[in-house]
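Participant: These are the residues of each chain, in order.
Protein chains: 2
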Amino acid sequence: MTIEHPYLLFLGDAADPLAAKTAQGVAHWRPEWCLGQFRLPGCRADIGLPDMTLEEAARAGARTLVVGVANRGGVLAPTWVAALETALRLGMDIASGLHNRLGDVPALAALAAEHGRRLIDVRHPTRTFEVANGRKRPGKRLLTVGTDCSVGKMYTALAIEKEMRARGMKADFRATGQTGILIAGDGVSVDAVVADFISGAVEWLSPANDPDHWDVIEGQGSLFHASFAGVSLGLLHGAQPDALVLCHEPTRTHMRGLPDYGVPDLKVCLEANEAAARLTNPAARCVGISVNTSQMAPEAAADLLARISDDLGLPTVDAFKDGVAPIVDRLI
Amino acid sequence: MTIEHPYLLFLGDAADPLAAKTAQGVAHWRPEWCLGQFRLPGCRADIGLPDMTLEEAARAGARTLVVGVANRGGVLAPTWVAALETALRLGMDIASGLHNRLGDVPALAALAAEHGRRLIDVRHPTRTFEVANGRKRPGKRLLTVGTDCSVGKMYTALAIEKEMRARGMKADFRATGQTGILIAGDGVSVDAVVADFISGAVEWLSPANDPDHWDVIEGQGSLFHASFAGVSLGLLHGAQPDALVLCHEPTRTHMRGLPDYGVPDLKVCLEANEAAARLTNPAARCVGISVNTSQMAPEAAADLLARISDDLGLPTVDAFKDGVAPIVDRLI
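Sequence order for the protein chains is A and B.
Counting in my numbering, the first sequence runs from 3 upward without gaps.
Counting in my numbering, the second sequence runs from 3 upward without gaps.
Keep in mind that the hints were calculated from the coordinates and are not lab data.
Hints may be right or wrong, so weigh each one.
Partner residues are not named here, just some residues of chain A that face chain B (Cβ under 10 Å, in silico) [said to hold, decoys possible]:
(1) P140
(2) A203
(3) A277
Glycine included, C-beta positions come from ideal geometry on N, C-alpha and C.
Chain A on its own, in the form it takes in the complex (with noise of 0.2 Å):
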C-alpha cells in the first residue's frame, strides 16, 4: 500500500497554519516529493510551496493527492468533497490521515472505482498481521521513545534519518503513525492495529535487513501514558530496538489528556524504556536525549540541556534546533 509521488499538497480551507501541519511535515521532510499546494478559498496556511490547481498539478505528474490539513474532529469536511473528485477524474489517488474513511464517502468510492484509483486511509490499516514471534533479525534498530505523547518522537526518528543518510549510512524512517505515513509513503498505524498484533505489525515494519543498516522506528505514546502504554511496550518488544532516543517536552505540566498524571522523571522514563526492550533486544541501551525546547527561552534550553547531559551521560539536543549529530555519533 505504498503511497505514490509526487504529491500534491491538499490544505482544504485550513482555518491557520497549524490545521495545515500534516501537510507541513510532508513538505519539510520529503519537499523532492511535493509538486505544490492546493489550497480552497479561505485557506489561511502557506506552507511555502507553489501553488497549483488540481489540471496544473496533473499535468505536472502528480500521482496522490495528500490530504494534509486537519479540521475541528479530524474528519473529512463536506466543503472539501468536490476538489477530491477532480483529483481521482484527473488520475490521483487520495491519502488521508483523518477518521473517517475516504471510502464512506459514496461520491469518492465510486469515482476510485470507475477511475481506477485508489483511496488510502493511513489511519487504517488495510492489512492482517501475524502475532510477533519475537526473533532477533539482522540489521540494526533505532526507536524514539518518549515521556508524553507529542513531544517529537517523529520529527526526532526523522532528523535522525536524514544525518545518517547524509553520512552515507544506510537507513530508513519507519512509520507508525498517520503523518509519518504520509512522509514515509508507507507504514503502519500501529494504534490502529488489533491488540494481540501490534508487535506483530513492528515486525513486519521492520523485516531483516542488511547488517549495517539502520531502521529508523518511530514511537508512539509513553510506556508512562496511561492511556496508550500499551501500544507503546507492545511497539518496543515489536522493534528489538539496539538503540533508544528518549524525546521529552520539558514545559508540560501534565500528561497529553490527562490532567491528574504527571510527567515522569527521565531517568526513570530512560530505565523502565531500557529494561522494556531488553526483553527482545539484551543490548538495547538508550543513546540520546532529545528534546524539545520550543517553548523556552534560550539561555534556559541551553542550560537544560547541559544538565540532563551530565545528568544521564548522554547526548541531549533538541533536534529541531541543533540537529542530531551528537546522537548518530554516538552510534558509530
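Chain A is fixed; fit chain B onto it per the hints.
Facilitator: Showing chain B alone in chain A's frame:
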C-alpha cells in the same frame, strides 16, 4: 451484549476431552446456568451434564447454544452447521468463541435474522470504546497477572470470585477472553480491541462500583511475553488494580509459542507488574501467588509452594488443588 442463560453446551464431534475444555469451564463455573450437553455422533468428550436433544433443551427453556468446542484451527466445522441451524429455529441464540464469525456462514446469518435470534461471537468486540481516561473510580479491583500465557489467570480469578462470594463479599468476575466471557455471560476480548483502546475497554469493563465491591478481573498474557505484553500492560493500566495475584506454571521451559524466551523469575515479574500497576493505582500490591502444579508430583509441588511463599512473603496456593482462601484472607 449479555449472553442469555440457561445454556445448552454444544460439544460437537470433539476429538478428545481437551477439545471441549471451553464447555468444561462453563459447566464447572456456572453449573446453575447449564441445562445439559448436546453431542454429535463420534463426540469423544463428556463433561458430565445430561445429554439433551436440541428440542428437549428448547422445551426446558435453553436461551443460548454455547459452542464449547474447538477443532483444529479454532474454526467452525461444516459438520456443526445443521445443528446450529436447528437451534436457531428452536429460538436459541448461539454464542461462540471461535476465530471465524457465526454470521459469516450465510445460512446462519439468514436464519438468525428470520427468527430474531443473536449470533454472538465473543472473540470479536461488537462495540467501540473510549480512550482510557485514567481517572480513579470507586470500588476495589483485583487483577490476575502471569509469568506467561495460559498459566491459570482465568481459573484463579474465578476461584477468587467464588471464595469472596462464599464469604458474603460483593464480587464479580470480569472476563477479558473468550472462555471467560462465555462463563461470565459478558465481557470484552481485550486482545481483539483496537490497540488505542485496550485500557479504555478495561475501564468500561470494570466501571465505578460500591466502595466494598471487588471486581476480579481476568488477566491476559504476560508483561514478559514478547508477542502480547502490550495487551497485558494496557489491561493492567485500565484495571487500576488494588491487588494483583501472580499466576505461574513452574514446569514450563520457555514462554508459550516462543522457544527462545525463558520464563521470567517470579520476583522480577511480580515487581515489574507492581511498578507498572502503580502508574494508575499507587496503592497496587501483589497479594498472592497462584501456581499450577498439575504437572508436578505432590511432594515436589508442596515444597515449591512453601519455597515461593518464603521467598516472596506472600500466600502461595495451587488454586485448583487448594483453593484461594489464603489469598482472600490477605485482602481483608
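Participant: Does each hint fit the structure? Answer for all of them.
Facilitator: Cross-check of the supplied hints:
1. Taking 10 Å as the C-beta contact cut-off toward chain B, the hint placing A:P140 at the interface is violated, the least distance being around 15 Å.
2. A hinted interface residue such as A:A203 counts as satisfied when its beta carbon comes closer than 10 Å to some beta carbon of chain B; here the least separation is about 9 Å, so the hint holds.
3. A least Cβ separation of about 8 Å between A:A277 and chain B falls short of the 10 Å threshold, and the interface hint therefore holds.
The earlier numbered hint that this structure contradicts is number 1, and it is the only one.
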